[in-house]
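**Student:** Here the protein sequences line up with chains A and B, keeping their order. Counted the way the numbering used here counts, the first sequence spans residues 474 to 865. Counted the way the numbering used here counts, the second sequence spans residues 474 to 865.
Heads up, a few of these hints could be off.
The list makes no distinction among identical chains, and a pair is therefore deemed to hold if it is satisfied within one copy or across any two copies.
As the list claims (entries may be wrong) - The list that follows gives simulated cross-link-like pairs (lysine-lysine, DSS-like), each with its CA atoms no further than 25 Å apart:
id : residue 1 : residue 2
1  : Lys828    : Lys590
2  : Lys839    : Lys551
3  : Lys858    : Lys828
4  : Lys674    : Lys795
5  : Lys795    : Lys756
If you're looking for bench data, these hints aren't it; they were derived computationally from the structure. Bear in mind that the values here come from a model prediction, so they are computed numbers and not experimental data.
There are 2 protein chains.
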Amino acid sequence: MIKIPGFLGCGISSGIKRNGKKDLGLIFSTVTAKVAGVFTTNVVKAAPVILGIERVKGGRCQAIIVNSGNANACTGKKGLEDAISTARHVANKLGIDESLVIPSSTGVIGVPLPMVKIKNAIPELISKLSEDGLLDTTKAIMTTDKFPKFASAQMKVDGKFGTISAIGKGAGMIAPQMATMLCFILTDINLDLKAQKLALKNAVNNSFNRIIVDGDTSTNDTVLMLSNGVLENKPIKDGDKNFRKFERILTQLTTEIAEMVVRDGEGATKVVKIIVKGTRTEKDAENIARTIGSSLLVKTALYGEDPNWGRVLAAAGRAGVKFDPLKVDLYYRNYKVVRNGIEILDESKVNHILKQPNFPITLDLKSGKSGFFVIASDITMDYLKLNAQYRT
Amino acid sequence: MIKIPGFLGCGISSGIKRNGKKDLGLIFSTVTAKVAGVFTTNVVKAAPVILGIERVKGGRCQAIIVNSGNANACTGKKGLEDAISTARHVANKLGIDESLVIPSSTGVIGVPLPMVKIKNAIPELISKLSEDGLLDTTKAIMTTDKFPKFASAQMKVDGKFGTISAIGKGAGMIAPQMATMLCFILTDINLDLKAQKLALKNAVNNSFNRIIVDGDTSTNDTVLMLSNGVLENKPIKDGDKNFRKFERILTQLTTEIAEMVVRDGEGATKVVKIIVKGTRTEKDAENIARTIGSSLLVKTALYGEDPNWGRVLAAAGRAGVKFDPLKVDLYYRNYKVVRNGIEILDESKVNHILKQPNFPITLDLKSGKSGFFVIASDITMDYLKLNAQYRT
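Please construct the entire structure, taking both the sequences and the accompanying hints into account.
**Tutor:** Given below as structure tokens:
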């Protein structure tokens with residue numbers, strides 16, 4: 474992982490997870506950073522999300538304290554007090570204002586945070602902060618993740634190279650809206666706060682909000698972006714030519730993390746881009762793409778490596794969008810299997826594509842110029858095993 | 474199965490299914506019957522559904538020809554011609570008008586009907602028609618069903634006992650709207666056509682439209698109701714006291730068939746009634762109940778016999794309904810596990826309920842007087858096996 478000037482990280486085992494794996498991480502900026510955030514749209518929000526939404530409004534952040542193994546969700550007033558208390562402890566030990574610390578949690582719902590363990594671990598956590606420590610932070614936020622997820626890029630601004638890094642986690646509760654559980658984006662590039670918020674919103678809409686593993690939306694989904702300005706460039710504003718460049722790089726990074734999340738999607742064996750085009754409006758294409766990407770019958774067909782295009786069309790047909798089924802073309806990769814609603818290519822001809830871990834399915838309604846895509850995983854035996862047995 | 478005066482049935486093997494099982498059925502009324510129908514809301518409609526919708530408009534029907542093993546869906550113009558041709562053959566052999574025959578199909582999508590096999594089988598089919606043959610019809614419409622589904626009741630009208638029987642099939646592609654694949658309801662009771670339509674619509678809304686196995690909507694879903702009036706009672710009209718009674722009995726029968734479909738829901742081990750109450754509007758309760766009943770994480774928790782109430786609350790929270798999570802109570806059967814959004818009863822206390830094949834989960838938002846329920850199954854390893862391997 475590339476170091477980001479002015480950012481330190483670490484991750485340790487505090488005993489929240491019974492198996493001794495890392496479960497507590499800290500991200501610290503040596504100077505106060507500007508912060509933007511995107512949070513779950515679920516009405517049932519975890520305590521750290523409720524607090525995070527408040528603190529992000531202030532526009533400034535210097536530390537993120539994050540734990541795995543416990544979501545601190547559905548924990549009522551006590552949960553909110555625990556989130557505040559955790560942040561306060563970290564702030565006191567770091568000698569910064571508590572409003573500059575944002576807590577974040579992921580794990581089991583409905584169980585109170587083990588506050589004694591967390592508080593006891595904070596001195597060790599702070600002592601281990603280092604420029605190389607962000608990989609450990611990444612490991613400390615894993616739950617059912619099979620691998621740590623991070624991506625970095627550099628961008629030349631005012632003649633100097635700035636860094637943008639993203640670390641993320643997520644493999645379950647992956648949903649149509651607000652899909653990753655947690656993602657933290659850190660950059661030394663100076664941005665105008667309004668531009669930072671806009672870039673983050675657009676990047677999330679084009680990445681995390683397009684991945685579908687199981688259609689469930691977490692109570693804890695959080696994306697935070699900290700820019701500490703250590704690069705000392707002139708702040709990038711919306712409309713600058715550097716803004717489009719920054720936004721493009723940011724979207725690339727969040728897309729990489731999003732695709733890692735789908736690839737890691739609890740037991741997934743396939744990552745399929747579902748492209749819907751030729752619709753009258755983008756919303757129509759989005760509704761159809763999301764319905765196909767969420768369809769259990771499509772997902773099980775993908776798992777079975779079965780080019781069952783009938784299930785794709787049937788899912789499209791229940792998306793709430795009127796279209797003429799006798800005008801529809803369907804492609805597996807570049808093979809046209811269906812023309813004008815009926816099969817023109819023996820499915821056995823595309824069996825070899827279905828055996829690949831990644832391929833696109835394109836549905837063309839030929840009724841307009843709009844389109845949308847989502848990235849979906851299959852649903853496998855391992856998904857069921859993980860989710861039926863998680864906790865018990 | 475109780476005989477219904479004036480109705481004959483049969484079911485044979487015509488070779489559509491490769492395994493030699495019954496795959497072609499016929500229902501025949503000795504006199505022309507009044508017909509009402511409810512069909513899939515999917516934009517992509519199978520050929521027999523397109524034709525059925527047209528023919529039901531005429532209000533009269535005398536025969537239903539139904540096959541399994543092939544859905545005749547996504548088969549284009551040829552598919553529609555095949556549906557018409559099948560009905561015409563049956564009509565010619567029976568010596569009735571072809572507009573009085575409604576075809577129906579269930580099975581694999583996208584494959585043309587084997588018309589030679591079907592036409593060759595029609596003489597045998599007609600020769601085997603009998604009062605006792607409807608059980609064979611029920612068997613002939615099974616696909617992944619593990620058992621034939623039928624229910625009968627009697628009702629006293631004008632001093633005489635009339636019969637209402639329903640036969641159904643369905644175990645996969647079970648969806649929020651229009652859930653069973655096929656259900657045929659037969660009665661010798663004379664009904665005003667308008668009343669018949671209304672009774673059927675209400676019965677379907679309160680039964681088939683409330684069951685959720687996998688959230689997918691079939692291209693072929695069809696419920697047809699034939700009343701041949703052989704009982705010679707005064708036609709029952711909307712508003713008559715007999716109408717309410719008829720509607721209640723009909724709803725009981727369709728509910729029985731619907732529950733059989735959920736119980737048979739490809740590999741299901743649990744049938745759970747999800748009751749949402751205390752909402753401001755019925756629509757709010759419906760949206761929440763359907764979201765919980767469709768949630769993969771809830772369904773896998775049910776399969777794992779894990780009282781993971783956090784998943785139930787998280788699903789409720791993404792249903793698009795605003796509510797206060799700190800006012801919510803949750804019950805497994807009569808055990809209150811959550812009060813005002815937080816756990817008050819150790820989940821281990823309800824483990825014995827989760828081991829039962831049927832139990833209700835009640836979510837009370839305590840914000841109004843409306844409510845709604847759905848009946849949902851779990852998602853199991855067997856579901857995945859069936860759906861990943863169906864066809865291949």
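**Student:** Compare the structure with each hint and give your call.
**Tutor:** Comparing the hints with the structure gives:
1. Lys828 <-> Lys590: Result: close neither inside a copy nor across copies, 47 Å intra and 34 Å inter.
2. Lys839 <-> Lys551: between (55 Å within a copy, 21 Å between copies)
3. Lys858 <-> Lys828: For Lys858 and Lys828, the Cα distance is within 25 Å both inside one copy (22 Å) and across copies (17 Å).
4. Lys674 <-> Lys795: For Lys674 and Lys795, only the inter-copy Cα distance (23 Å) is at most 25 Å; the intra-copy one is 30 Å.
5. Lys795 <-> Lys756: Both: 12 Å inside a copy, 23 Å across copies.
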